[in-house]
Amino acid sequence: MAGIIRFLNSQLFVTPVKPSGDLTGKTVIVTGSNVGLGKEAARHFTQLNASTVILAVRSIEKGEAARKDIESTTGRNDVVRVMQLDMSSYQSVLDFAEKASKELERVDIAVLNAGVNRGVWEVFEQDESTITVNVVSTFLLAFALLPKLKETANKFNVRPTLTIVSSEVHEWTPFDERNAPEGKLFERLNEKVVDGKEVGLGNRYQVSKLMEVLFVRAFCERYPESNIPVTVNLVNPGFCHSEFGREGPGFLAVMRFLLARTTEVGSRTLVHAGTSGVETHGKYLSDCEITEPSAFVRSDDGKKGKEKVWKELVERLEGIKTGITKSF
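The numbering of the sequence shown is our numbering, which starts it at 1 and goes up by one.
FYI, nobody ran anything at the bench for these hints, they're computed from the structure. Do not rely on the hints blindly, as some may be mistaken.
What the hints assert, rightly or not - List of simulated lysine-lysine pairs, DSS-like, C-alpha gap at most 27 Å:
no.	residue 1	residue 2
1	K192	K304
2	K304	K321
3	K184	K150
4	K18	K99
5	K311	K321
6	K150	K326
7	K184	K321
8	K102	K62
9	K192	K155
10	K68	K99
11	K150	K192
12	K184	K326
13	K150	K321
14	K184	K311
15	K150	K102
16	K99	K321
17	K102	K68
18	K304	K99
19	K99	K155
20	K184	K155
21	K326	K311
22	K303	K184
23	K321	K102
24	K150	K311
As the list claims (entries may be wrong) - Pairwise CB distance ranges, derived in the manner of DEER restraints:
no.	residue 1	residue 2	range
25	G323	N154	42 to 50 Å
26	N154	D176	39 to 47 Å
27	E103	K192	22 to 30 Å
28	N157	K102	18 to 26 Å
29	S59	H241	29 to 37 Å
30	D176	G323	27 to 35 Å
31	G323	K303	26 to 34 Å
Every residue, glycine too, gets a C-beta built ideally from N, C-alpha and C.
Whole structure, please, built from the sequences with the hints as guidance.
If you want it as structure tokens, here you go:
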């Protein structure tokens, strides 16, 4: 109930502040940036004088359309660049990170915004699509970019930021899958039938967002701000008008009509998180300020779930590319 009250208060009475500052000389990557929150965040980064803004998108054609739109509204040309990234393919994730690391002189801000909320059962790679894109590929990309972020920190004497776009809906799931036997978390997440009942996907997006929160907290406990020259944080943009969730359940359309922020307003939170300092390392940000995550995350059960997610996701990532979680 407390989470619902916070959600309603945020949606109805809080407007995140418009971004300010100067990003001259900085390079920014925003995934999932041909539409919605990612596109509007990229527009803000361009307006704040970033020297290079990378639109990491699945469709080059749609990315180019977004680039032209951003250039026309900001009056800044030769800043925005489109690069292909398909989060449903682990090889595409690794190829993107390798290309970005080789071709970009520096990466100061990486906002991992790409995600899905399909509402239909589909397998990408070896996992259900929501888990593949929102969890496995997101952290595969995070680890693959960390060496470049660390290199940027050391070469330019700055502290880059890696932002994972999460959601307040992480509070809205019991995460029963955490009770799977040891080593069987992803197997349980991939079961269409459990105890004779077909598993619905109405809760899967919430689970994916909770897993993001748990994993980032586990990572930052192992790599506190004094041990890594990169700030890693989480951001909740709130419920926004966006093409995201267009494949999700129909009730979202009703909620969006009644409660949603504009996409531009929601994107302000992504820019705030991406430009925030070391004080946000390991923190969950909402409405442009540090906020406590759900009571479950902070509970003893949540701590146990955090360790299970950490252990089994690291194993998953190492199975995709040996050494990826230790490469920085």
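Hints not upheld, ascending by number: Violated: hints 3, 4, 9, 11, 18, 20, 25, 27, 29.
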